[in-house]
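Asker: For reference, the chains in residue letters:
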Amino acid sequence: MTNEKFEFTDSLKKNLYIMMGLGLLGLVWVFLGDHESNHHGRLWSNLLANSYYFTGIALFGMFVVSATQLAYGGWQTLMKRIFISMSAFARIGGFLLLLILAAGIADVHKLYEHVSHIMHTGHGDPKYSTKLVYFASWFWIGRVFVYALLWATFSIVFDRFFGEADQSSQAKYKKSKLLAAAFIVVFAVSESAVSWDMIMSLDPHWFSTLFGWYNFASYGCAAWATSILIIIYLKSKGYLNQVNENHVHDLGKMLFGFSIFWTYLWFSQFMLQWYANIPEDTNFWVKRFDEPYFKVTIFGALIVNFLFPLFFLIKRSAKRNFKMIGFGAALLIFGHYVDFFNYTFVEPNWNHEAMEHGHGAAVKSENVVMLAEAHATEAAHGAAATDAVKHEGHEASAAVEVKHGEHGVESKHGHEAPVKNFASIGIGEILVFIGFAGLFLFMFFSNLSKRNIVPEDDPYLKESEKLNVTWA
Amino acid sequence: MDSVAPNKFVVGLWDHEEVYLHAIEHLRHKGVKIYDSLTPFPVHGLDEALGMKETRLHTAGFFFGATGTTLALSFMTWVMTTNYPIDFGGKPNWPVPSFIPITFELTVLFAAWGMTLTYLVRNKLWPGRVPRIYDKRTTDDRFALVFDAESLTDAEINSIKDACKKEGAVDVKDKVFTEAEGL
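Protein sequences appear in the order of chains A and B.
For the first sequence, the working numbering begins at -5 and goes up steadily by one.
For the second sequence, the working numbering begins at 479 and goes up steadily by one.
Errors might be hidden in some of the hints.
[Claimed, not checked] List time: in silico SDA-like cross-link candidates among lysine to any residue, alpha-carbon distance up to 20 Å:
1) A/Lys460 x B/Glu496
2) B/Lys531 x A/Arg310
3) B/Lys486 x B/Leu598
[Claimed, not checked] Computed spacing ranges between beta-carbons, pair by pair:
4) A/Met318 x B/Val654: 43 to 53 Å
5) B/Leu528 x A/Gly67: 52 to 62 Å
6) B/Thr537 x A/Leu204: 31 to 41 Å
7) A/Tyr227 x B/Thr537: 31 to 41 Å
8) A/Ala182 x B/Phe553: 21 to 31 Å
9) B/Gly606 x A/Lys289: 49 to 59 Å
10) B/Gly529 x A/Tyr227: 25 to 35 Å
11) A/Thr464 x B/Leu598: 14 to 24 Å
12) A/Ala65 x B/Glu496: 23 to 33 Å
13) A/Tyr227 x B/Gly523: 41 to 51 Å
14) A/Lys169 x B/Leu528: 40 to 50 Å
15) B/His500 x A/Phe2: 37 to 47 Å
16) B/Asn485 x A/Leu64: 48 to 58 Å
Honestly, the hints are just simulated from the structure, not real lab data.
Even glycine gets a Cβ: it sits at the ideal position worked out from N, Cα and C.
Could you build all of it, start to finish, from the sequences and the hints given here?
Answerer: Okay, structure coming up:
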């Protein structure tokens, strides 16, 4: 095989610039189109969801390289460069998250206002004493800064280390194991912690102990799907001639496996909280299921991310046919975007005007009082609401359901305050997603064009070239 | 598979997998029908060389699994809604989320047992069966091809033997089983 480099053509560059331009347009769109009471929650949740999603995909690229390197994997060697180049986005992704968090702490937007609120008023509540330490501004922002720095460093080191010549020397091979092991450790800690810091902290009352895993599985699916789409694209441009349907088949298997893994975590998270019925946990779901829009997106995501791969990707022929697996991969990238949408868009986009009286308590006129105990500033109201929730829990089938007009919160308003959620996947969201995809691909292709696509002297190259997925 | 298993075979033995794979391709090209193939370890590309069709075992597995899913869901639904409805922790009488783990387990159980038993039966690996050993060295370092010689004439058998030797077989021999030696 000849030494070939990817040629980053002007027409491709132009297309990616157009995508990024559309993204900027989308940002302007969501900025202007947002409800005025929303403190531009829509703009920032767009930025957060996409930065987080694409950073995750980028990190997963390095994870694949590390994991296969440690496990003596050979099948992926031809595609190794693809995964390393995917991680190029990690050089800016972490800093984008840092920017979003810094803006939140500087009160530019209200994404993390619940945490800030606890920080300012939650003293004396033993429930939040540990959170006060963990979410101290300097510690919080310092953590995210460390992740961003580590990810960027690792991305550059991976690129240099695996890109430079003489992979076959024994010393270098040993060092590659060390590097891979170091990244696995860094990744395991930072990807869990960043999911708490950036996503779970949007709703500080809600806990999920498997949230780091969950996020990992979600952008893991997206990363496998991205690699499949990129390989299909590169092959259509005449690169990667030795990569054939056997390699795509293996990637498809990983995509299928991660989809099932994601579902397992989705359900484990949901079922335990549904069964235990602790108001703080169920709040999270009640808030979403009460909005018809999120009911659709949550179950829609479950259908696209679980049932679709289960019945479509399970077939060998579907995984080996580039058109079919390409369609599946594209659909799953969208599906997991919707998944992150469900996590990031709900909290920041409540009608803040209606909520301000109740300090963030999301009150629906019909039946639900949420976050009542935590946000009530007046102790009496807080106690009443908490008790109400606890007592009702024994009687009613849904513990968080507090009858309208009986207790605490809306008596504070003295008037009906219907809370509406502004979040939806509209033109703006799609444009911003396209913009981020353009940025991701721009960094990917400019990294890919620097070095040979196929690592010629990798000791496992032969194994990858001969990959053959049999019937068994 | 034939209803009556043949008893008379020609066995060719190779000592290198590459030569063996090429031999299979050439022999099949010549129109020689291969009855079985025995190797000491999984050889990559053997399935394609032998021209094997995709196994239908996983399709069977899907249906076994679907049986488990249906059985679990319908049984729990019947118990919880009709036969013995109880109020558990304020949950509805048809608490689907709490059915899912058990449904999953039964799906896996049915699929696993069904596929295992199907596999064993199809390969005639039931208890008490005396296995037919074509050559003991296939568990060590020899790659064997087995040809059905039951209905072949001597001339045809000799031509198969010659073809095997030409393709690099280190040994070619006849193997005849008596009925007592199992299936």
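Asker: A separate judgement is required for each hint: does it hold in the structure or not?
Answerer: Hint check results:
1. A/Lys460 x B/Glu496: 13 Å, holds
2. B/Lys531 x A/Arg310: 13 Å, holds
3. B/Lys486 x B/Leu598: 24 Å, violated
4. A/Met318 x B/Val654: 43 to 53 Å: 50 Å, holds
5. B/Leu528 x A/Gly67: 52 to 62 Å: Given a distance of about 28 Å, which is not inside 52 to 62 Å, the answer is violated.
6. B/Thr537 x A/Leu204: 31 to 41 Å: Because 33 Å falls inside the window, the suggested range holds.
7. A/Tyr227 x B/Thr537: 31 to 41 Å: Hint holds: Cβ distance 33 Å, inside 31 to 41 Å.
8. A/Ala182 x B/Phe553: 21 to 31 Å: 41 Å, violated
9. B/Gly606 x A/Lys289: 49 to 59 Å: 58 Å, holds
10. B/Gly529 x A/Tyr227: 25 to 35 Å: Holds, since B/Gly529 and A/Tyr227 (Cβ atoms, about 34 Å apart) stay within the stated range.
11. A/Thr464 x B/Leu598: 14 to 24 Å: 21 Å, holds
12. A/Ala65 x B/Glu496: 23 to 33 Å: 27 Å, holds
13. A/Tyr227 x B/Gly523: 41 to 51 Å: This hint is violated: roughly 29 Å between Cβ atoms.
14. A/Lys169 x B/Leu528: 40 to 50 Å: 43 Å, holds
15. B/His500 x A/Phe2: 37 to 47 Å: Given range 37 to 47 Å: holds, Cβ gap about 43 Å.
16. B/Asn485 x A/Leu64: 48 to 58 Å: For A/Leu64 against B/Asn485, whose Cβ atoms are near 52 Å apart, the range 48 to 58 Å holds.
The structure fails to meet hints 3, 5, 8, 13 from the earlier list, while all remaining hints are met.
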